[in-house]
Amino acid sequence: MIAFLQQYAFWIITIVKIALLLFIVLTVNAYLTWFERKAVAHIQSRWGPHRVGPHGLLQPAADGLKFLFKEDVTPAGVDRFVYYLAPFLSLMLSLTALAVIPFAPNPLPFKILGEHVYLWITNPDIGLLILFAITALSVYGIALAGWASNSKYSLMGGLRSSAQMISYELALTMSVVGVLLMANTFSLQSIIEQQANAKWGVGFLGWNIIAWTHQGLFFPQIIGFICFFTSAIAETNRAPFDLPEAESELVAGFHTEYSSFKFAMFFIAEYTAMITVSCLATILFFGGWLSPFASTPFWHFTYYIPSITLIPFGLWVIYDGLKYETIFGKLILPAIGFAMFAIGGALIALPAVNDYIQPIFWFTAKIFVFLFFYVWARGTLPRLRYDQLMNVGWKLLLPVSIANVIVTAGVVIARSYR
Amino acid sequence: MVPTQYYLVLSAILFGLGAVAFVFKRNIITIFMSIELMLNAVNLAFVAFSQAFGKVEGQVFVLFVIVVAAAEAAVGLGIIILIQRNRQSLNIEKVNLLKL
Amino acid sequence: MSPVLLIFFVLAGLAVLGALSLVLQKHPIHSALSLIVVMVCLAGLYLLMGAEFVAAVQIIVYGGAIMVLFIFVIMLLNAGAEERTDFSKLAKIAGLPLALALTASIAAAVVKPDPGVPAVTQVVIPNATEKISSMLFNEFVYPFELTSFLILVAILGALVLAQREKK
Chain A
-12 MIAFLQQYAF WIITIVKIAL LLFIVLTVNA YLTWFERKAV AHIQSRWGPH
38 RVGPHGLLQP AADGLKFLFK EDVTPAGVDR FVYYLAPFLS LMLSLTALAV
88 IPFAPNPLPF KILGEHVYLW ITNPDIGLLI LFAITALSVY GIALAGWASN
138 SKYSLMGGLR SSAQMISYEL ALTMSVVGVL LMANTFSLQS IIEQQANAKW
188 GVGFLGWNII AWTHQGLFFP QIIGFICFFT SAIAETNRAP FDLPEAESEL
238 VAGFHTEYSS FKFAMFFIAE YTAMITVSCL ATILFFGGWL SPFASTPFWH
288 FTYYIPSITL IPFGLWVIYD GLKYETIFGK LILPAIGFAM FAIGGALIAL
338 PAVNDYIQPI FWFTAKIFVF LFFYVWARGT LPRLRYDQLM NVGWKLLLPV
388 SIANVIVTAG VVIARSYR
Chain B
71 MVPTQYYLVL SAILFGLGAV AFVFKRNIIT IFMSIELMLN AVNLAFVAFS
121 QAFGKVEGQV FVLFVIVVAA AEAAVGLGII ILIQRNRQSL NIEKVNLLKL
Chain C
6 MSPVLLIFFV LAGLAVLGAL SLVLQKHPIH SALSLIVVMV CLAGLYLLMG
56 AEFVAAVQII VYGGAIMVLF IFVIMLLNAG AEERTDFSKL AKIAGLPLAL
106 ALTASIAAAV VKPDPGVPAV TQVVIPNATE KISSMLFNEF VYPFELTSFL
156 ILVAILGALV LAQREKK
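Protein chains in written order, with the numbering used here: chain A, -12 to 405; chain B, 71 to 170; chain C, 6 to 172.
Okay, chain A solo, but in the shape it has when bound:
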């Protein structure tokens, strides 16, 4: 038995990793919807979901159940094959994209079945190209959904989305070329590692957004980042670029005719794409898992930041939960709070675990900052008109990102002559 397991250790570990990643990402997705509704509500001076569970924390579960049990309507006159293919394609592609993202540099400190376990599913040399290839294909899900639904609103949404995604893909790709020129590689792991040699060892100076490394001459990629994130928001069809599903004009755009679980698949695909884009922005411009602080002994106290954030937050959650009137709130919130408190305490008590957790903590923290950006943009920015959208893509983002590439190339060449 053990021999059999060891023979196929690589496959078994990979499958388990995929299952785990799917579970984590789907959970994060569910709570991202909760977070989004809550944050947008507070931006608009509302309460947001607060009925199902304490602070509406069980709302995602209720939504999921609703999606599962709703009637699955297939409208008359649809192209059945394409109609069923579209949501599946969207979901599959956006989940596949996560496979190439490296979440932490070091393997787990212990071996499983005689193999090192790294925190990525695969780490190919052309990781970034694969991500772009998947992004390029993901337009089909939306375009085909719009076409197959046999509805004018859906068709308009599909048309808009395919035009929008082709246009912004150019700016998206060009804005990253600056980073690629400096990193000299397509491998996401090497791109992160290249950002580690910061000037004076001060972590965040080395990130590509500032790019101040030992090599002297530097050119911050802040313009590249702005172009990248703007076009990435457009690429994921999120506000203020959510014209394919502009509800005030197109009912719900490309997914008007989709109900029940097929709609949920589009929904999950969209949120997963948000997570992928946040990961990519973190990796390319914000140093991935690198800490923003220097790694000198003086700055060693920053290793306790995970604990310092977890312990007071856990205590506050316990306090808040005890105030709740419902039995459920009184039980579940203090339990969560105590878990946070315990994890925070354990991190202080076990320095080895704490050291290992650092990259993961910084990576996750940065991803959540970007996810918040997404929600923030949706809560505050008005939707662009279609011609404005095209103007921004073609006349602003594309030339600016090309200029960024040219200047970066100049700096890289000048560096090599010194």
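No lab work stands behind these hints: they were computed from the structure. These figures come from a predicted structure and were not determined experimentally. Please note: incorrect hints may appear among the correct ones.
To give a feel for the contact side, a few chain B residues facing chain C, derived at Cβ under 10 Å [to be verified]:
hint : residue
1    : 81
2    : 84
3    : 90
4    : 113
5    : 127
6    : 129
7    : 145
8    : 147
9    : 148
10   : 154
11   : 167
Cut-off 25 Å, straight-line C-alpha distance, at most; resulting in silico cross-link-like pairs (PhoX-like, lysine-lysine) [said to hold, decoys possible]:
hint : chain 1 : residue 1 : chain 2 : residue 2
12   : A       : 139       : C       : 31
13   : B       : 125       : C       : 31
14   : A       : 4         : A       : 98
15   : C       : 31        : B       : 164
From the structure, some residues in chain A lie toward chain C, with a derived Cβ separation under 8 Å [said to hold, decoys possible]:
hint : residue
16   : 104
17   : 108
18   : 116
19   : 123
20   : 124
21   : 130
22   : 134
23   : 145
24   : 146
25   : 150
26   : 153
27   : 307
Ideal Cβ placement from N, Cα and C applies to all residues, glycine included.
Add chains B and C to chain A, keeping to what the hints say.
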């Protein structure tokens, strides 16, 4: 280990199917797509030879073919839109002004 | 059968099926989807051969740009299923045999073992991407610049063609 011949046979089959589609299809867009299929078949042969000889020239040429295909698609689809606008049909048989 | 050969046969079979379905499907969108299947399979074959960069470019440009453009145009023109019309008599009688003969002759020409062609496509070219880029910007720099000119012309052409005439 895949013999080079297999790739070449596959390339030939795809090219042949592309030629068949080019002759038999009546829709201009589909005819255009069959040209793309033939280009793809040729690309496959290029890459197979490139890998067999261990030289990257073939892959460089594939990049050129892809660029030309992209340019061709842009112009060709523009022409197709014009045909549809002028004749209200995508049937190749309806585009027969030069026929005697 | 080695796993590599198995993967080859799966991808090749899918590609041939996709190409067949391109011929047989009536609706242009279905034909376009079949063509996308062929292109993705070919990208897989490129990966199998070790040509990573070409595989990525194949999907990004062919799958992500050119075919999206096709689908966009099909959606824009709201193209319906293909109308069946009579072929010319020549095509009816000689079309399929000639096409088969073409395929067979090409296949026969390539199957005949040529001593000049290495038998196995598994040479790993080290730093292939780097070599491609340096070749593109050194030996092939004039054709490369020419393609940029070609694209510019294509952009202008598409603009002029698709523009509505102002009256």
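Here is how each hint holds up against the structure:
Taking 10 Å as the C-beta cut-off, the interface hint given for residue 81/B holds, the closest approach to chain C being about 8 Å. Satisfaction of the interface hint for residue 84/B is found here, the shortest Cβ-Cβ separation to chain C being roughly 5 Å, below the 10 Å cut-off. The beta carbon of residue 90/B comes within 4 Å of a beta carbon in chain C, closer than 10 Å, and the hint placing it at the interface holds. Taken as an interface hint, residue 113/B checks out: its beta carbon lies about 7 Å from the nearest beta carbon of chain C, inside 10 Å.
A least Cβ separation of about 7 Å between residue 127/B and chain C falls short of the 10 Å threshold, and the interface hint therefore holds. Interface restraint check: residue 129/B against chain C, minimum CB-CB distance 5 Å, threshold 10 Å, status holds. For residue 145/B, the interface hint holds, since its Cβ comes within 10 Å of a Cβ in chain C; the closest pair sits about 5 Å apart. For the restraint placing residue 147/B at the interface with chain C, the shortest Cβ-Cβ distance is roughly 5 Å, inside the 10 Å limit, so the hint holds.
Checking residue 148/B against chain C: minimum C-beta separation of about 3 Å stays under 10 Å; hint holds. Interface restraint check for residue 154/B: the shortest CB-CB distance to chain C comes to about 5 Å, inside 10 Å, so the restraint holds. With 10 Å as the threshold, the beta carbon of residue 167/B stays out of range of chain C, its nearest partner Cβ sitting at about 17 Å, so the hint is violated. A threshold of 25 Å between alpha carbons decides the hint, and for residue 139/A with residue 31/C the separation of about 22 Å falls inside it, so the pair holds.
About 41 Å separates the Cα atoms of residue 125/B and residue 31/C, which puts this hinted pair outside 25 Å; it is violated. A distance of roughly 14 Å separates the Cα atoms of residue 4/A and residue 98/A; the hinted pair therefore holds under the 25 Å criterion. Distance check on the hinted pair: residue 31/C and residue 164/B sit about 18 Å apart at the alpha-carbon level, within 25 Å; holds. With its C-beta approaching chain C no nearer than about 23 Å, residue 104/A sits outside the 8 Å limit, and its interface hint is violated.
A least Cβ separation of about 16 Å between residue 108/A and chain C goes past the 8 Å threshold, and the interface hint is therefore violated. A distance limit of 8 Å between C-beta atoms decides the matter here; for residue 116/A the minimum to chain C is near 4 Å, and the interface restraint holds. For residue 123/A, the interface hint holds, since its Cβ comes within 8 Å of a Cβ in chain C; the closest pair sits about 2 Å apart. Checking residue 124/A against chain C by beta carbon gives a least distance of about 6 Å; that is within 8 Å, so the hint holds.
A cut of 8 Å between beta carbons decides the hint on residue 130/A: the least distance to chain C is about 6 Å, and the hint holds. Interface hint status for residue 134/A: upheld, as the beta-carbon distance to the closest one in chain C is roughly 5 Å, under 8 Å. Because the smallest distance between the Cβ of residue 145/A and any Cβ of chain C comes to about 6 Å, under 8 Å, the interface hint for this residue holds. Because the smallest distance between the Cβ of residue 146/A and any Cβ of chain C comes to about 6 Å, under 8 Å, the interface hint for this residue holds.
With its C-beta approaching chain C no nearer than about 7 Å, residue 150/A sits inside the 8 Å limit, and its interface hint holds. Given hint, residue 153/A at the interface with chain C, holds; its Cβ is 6 Å from that chain's nearest Cβ, closer than 8 Å. The beta carbon of residue 307/A is not positioned within 8 Å of any beta carbon in chain C (closest approach about 47 Å), and the interface hint is therefore violated.
Comparing the model with each numbered hint stated earlier shows that hints 11, 13, 16, 17 and 27 do not hold.
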